[in-house]
Amino acid sequence: MSYEKSKQLAYKIRRHALDMTSRGGTAHIGSIFSMADIVAVLYADILNHDPKNPKWPARDRLILSKGHAGAGIYAALAECGYFPLSELENHCSNGSHLSGHVSHKGVPGVEASTGSLGQGLPMAMGMAMAAKMDGREHRVYCIIGDGECDEGAVWETALIANQYRLDNFIVTVDFNKIQSLASVENTIKLEPLDQKWASFGWHVIRIDGHDHTALHRAYDEAKAARGEGKPIVIIADTVKGKGVSFMENDVLWHYRTARGAEYNAALKELEAQKP
Amino acid sequence: MRDTFTRCLQDEARRNHALVLITGDLGFGVLFPYMKEFPDRFINAGISEQAMMSMAAGMALEGKTVVVYSIGNFPTLRCLEQIRNCCAYHEVNVKIVCVGAGFVYGALGMTHHATEDMGALRILPGVTVYAPADKTETEAVMARFLTEPGVAYLRIGRGGEPVFHDIENIRGYRTGEALPYCEGTDAYILTAGGILASAVAAQKLLAERGYSVGVVSFPTVKPIDEPYLKTLCEKVPVLFTLEEHTIVGGFGGAVCETVAGFAANRARVVRIGMNDCYSSIVGDQAYLEAFYGLDGPGVANRVQAVLEGKA
Chain A
760 MSYEKSKQLA
770 YKIRRHALDM
780 TSRGGTAHIG
790 SIFSMADIVA
800 VLYADILNHD
810 PKNPKWPARD
820 RLILSKGHAG
830 AGIYAALAEC
840 GYFPLSELEN
850 HCSNGSHLSG
860 HVSHKGVPGV
870 EASTGSLGQG
880 LPMAMGMAMA
890 AKMDGREHRV
900 YCIIGDGECD
910 EGAVWETALI
920 ANQYRLDNFI
930 VTVDFNKIQS
940 LASVENTIKL
950 EPLDQKWASF
960 GWHVIRIDGH
970 DHTALHRAYD
980 EAKAARGEGK
990 PIVIIADTVK
1000 GKGVSFMEND
1010 VLWHYRTARG
1020 AEYNAALKEL
1030 EAQKP
Chain B
16 MRDTFTRCLQ
26 DEARRNHALV
36 LITGDLGFGV
46 LFPYMKEFPD
56 RFINAGISEQ
66 AMMSMAAGMA
76 LEGKTVVVYS
86 IGNFPTLRCL
96 EQIRNCCAYH
106 EVNVKIVCVG
116 AGFVYGALGM
126 THHATEDMGA
136 LRILPGVTVY
146 APADKTETEA
156 VMARFLTEPG
166 VAYLRIGRGG
176 EPVFHDIENI
186 RGYRTGEALP
196 YCEGTDAYIL
206 TAGGILASAV
216 AAQKLLAERG
226 YSVGVVSFPT
236 VKPIDEPYLK
246 TLCEKVPVLF
256 TLEEHTIVGG
266 FGGAVCETVA
276 GFAANRARVV
286 RIGMNDCYSS
296 IVGDQAYLEA
306 FYGLDGPGVA
316 NRVQAVLEGK
326 A
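For the protein sequence lines, the chains are A and B, in the order given.
Heads up: the first sequence begins at 760 in the numbering used here, then just goes up one per residue.
Heads up: the second sequence begins at 16 in the numbering used here, then just goes up one per residue.
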């Protein structure tokens, strides 16, 4: 399979995010680009959802716990038809609901507001817990960052989800190896990250987080793991700033906004990758 | 108060099948009747207050009424930001219960003294704060606490507190109502929580000394009974607030903020409580109340000094 739909969506997420952060003068483009393929695969092919009925009870839930990459979610939702694409132009502007850190208020399709790290993940666990308690079929997906794994509540959640055998709970770690000031390795080491989660009792899958074939296979495996009685974590090895050469693997692009010549250069590179 | 809470919780759980109880690994004995009756609607989140509070919000977003139980500062200060972001901002039905108001766990040390919780919770938009004084107030408040929409905080003692009301008189309690205990003409002592007992004892001592002091309990700290405060301000020149809590930002702070906003007839407000300090000494609740001047004689002496113009 060529996965054209998810590749197209990933391209559009990056294109919108470049414009949104540039227009709004906001940060975190590197964090959005690193998870763009994950988000695209989920919305294009994995999640059972209905943009015309955002509160459909049987929908799968997706919570972005690394809320600072909210522009990526807004872009995906608008592309799916949850709200008009023109709304994206208001990102971070005065009076807008589209905050830099993802917010559910006034934004159809966003399940929960996050931005303070380590909180979206346990909220998502609560949703999975409620679904399990009521015998409902849908799944709860959550995307967390690697720097976010410094938060104690991430590991509290890892313990509780295992205890309650939440095999309807599928977490993806966007492991882009760079956090706020420096590399993960030079900040708070996480490796061996897959072994850490495995030792907490989770079903662990590790993949290249930009390979759409691998992502699809990973989510298929995660869905098939229902019945094992284990929560599932996909460690997605990614590149911060993926898609624009001068943004890749550079902590600067956790903060910097592409404008002028940088914007034009980034746009050119992205357009060259259009599927 | 604690056993009344459990009994009312079970009654409500029989009515509301979406009610779930989560504990942060506390409630030995107390929660056993609930756990036995509703094993499928009970979760022990372990000693993980931060994840527990966010998880509660997630469950509530899915339609559950989630009661979160713990003691002291664990379900409040430890996870304050989770209460703010995950619960209050999402306007969910999460009901937070703290057993161990003030110096209930006085002998266990400063970590277990809950003396800033009302202030911390009160400042959060969308959070209702209840501090009942005895088991009757607890029963009256529980009907509101568990059924009104949104995030609410209930601060209770451990048990064995004296009883000040006939439950039949307060069963129809509405959130935000003050409950007068006795009238006075010189001053009023306003209280929130089990410390009402000290106010009542002080009132008797002051009566013997020739002062007519009224006593009012405020089972709801937020929203506070503003109309009633206005009435009191028109009646007496000074209001005393009494709380087993810091005087900064708690019940006394709430009364000050409200009274200061009145256009006329603003009574003087004198706050009695912990004077912006922690207790590094320990003791049982009665001992620490006396040590900090929060028992009947301590309160009476303070009130008398103010009324005599000496403080």
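The set of hints was computed from the structure by calculation and includes no laboratory data.
One or more of the hints may lead you astray.
[As the list claims (entries may be wrong)] Derived Cβ-Cβ restraints for the label pairs, each shown as a range:
#1 A:D970 - B:P54: 56 to 62 Å
#2 A:S942 - B:Q25: 51 to 57 Å
#3 A:P951 - B:P177: 58 to 64 Å
#4 A:P951 - B:F47: 38 to 44 Å
#5 A:P951 - B:V263: 43 to 49 Å
#6 B:G44 - A:P810: 23 to 29 Å
#7 B:L123 - A:G911: 48 to 54 Å
#8 B:P140 - A:R1018: 53 to 59 Å
#9 B:G44 - A:V1010: 35 to 41 Å
#10 A:Y1022 - B:S294: 54 to 60 Å
#11 A:T946 - B:Q25: 33 to 39 Å
#12 B:E96 - A:A941: 58 to 64 Å
#13 A:P810 - B:Q25: 40 to 46 Å
[Claimed, not checked] Here are the simulated lysine-lysine pairs, DSS-like style, with alpha carbons at most 30 Å apart:
#14 A:K1033 - A:K766
#15 B:K325 - A:K891
#16 A:K989 - B:K51
Where a beta carbon is used, it is the ideal one built from N, C-alpha and C, also for glycine.
Right, here's what the structure says about each hint:
1. Hint check: D970 (chain A) to P54 (chain B), Cβ distance near 45 Å, so the stated range 56 to 62 Å is violated.
2. S942 (chain A) and Q25 (chain B) have their C-beta atoms about 53 Å apart, which keeps the hinted 51 to 57 Å range intact.
3. In this structure the supplied range 58 to 64 Å holds for P951 (chain A) paired with P177 (chain B), their Cβ-Cβ distance being about 59 Å.
4. Between P951 (chain A) and F47 (chain B), the C-beta spacing of about 42 Å keeps the proposed range 38 to 44 Å intact.
5. The hint said 43 to 49 Å for the Cβ distance between P951 (chain A) and V263 (chain B), and at roughly 48 Å that hint holds.
6. Remark: the range hint 23 to 29 Å for G44 (chain B) to P810 (chain A) is contradicted by a beta-carbon distance near 50 Å.
7. The hint said 48 to 54 Å for the Cβ distance between L123 (chain B) and G911 (chain A), and at roughly 23 Å that hint is violated.
8. The given range of 53 to 59 Å is broken by P140 (chain B) and R1018 (chain A), whose C-beta atoms sit roughly 36 Å from each other.
9. For G44 (chain B) paired with V1010 (chain A), a C-beta distance near 52 Å fails the hint of 35 to 41 Å.
10. At about 59 Å, the beta-carbon gap between Y1022 (chain A) and S294 (chain B) stays in the expected band of 54 to 60 Å.
11. With their beta carbons about 48 Å apart, T946 (chain A) and Q25 (chain B) fall outside the hinted range of 33 to 39 Å.
12. One distance hint, 58 to 64 Å for the beta-carbon pair E96 (chain B) and A941 (chain A), is violated here, with the actual separation near 25 Å.
13. Judged by the Cβ atoms, the range 40 to 46 Å given for P810 (chain A) and Q25 (chain B) holds: they are separated by roughly 42 Å.
14. At most 30 Å may separate the alpha-carbon atoms for a hinted pair to count; K1033 (chain A) and K766 (chain A) meet this at roughly 9 Å.
15. For a cut-off of 30 Å, the pair hint linking K325 (chain B) to K891 (chain A) is broken: about 64 Å separates their Cα positions.
16. Between K989 (chain A) and K51 (chain B) the CA atoms are separated by roughly 26 Å; this keeps the pair inside 30 Å, and the hint holds.
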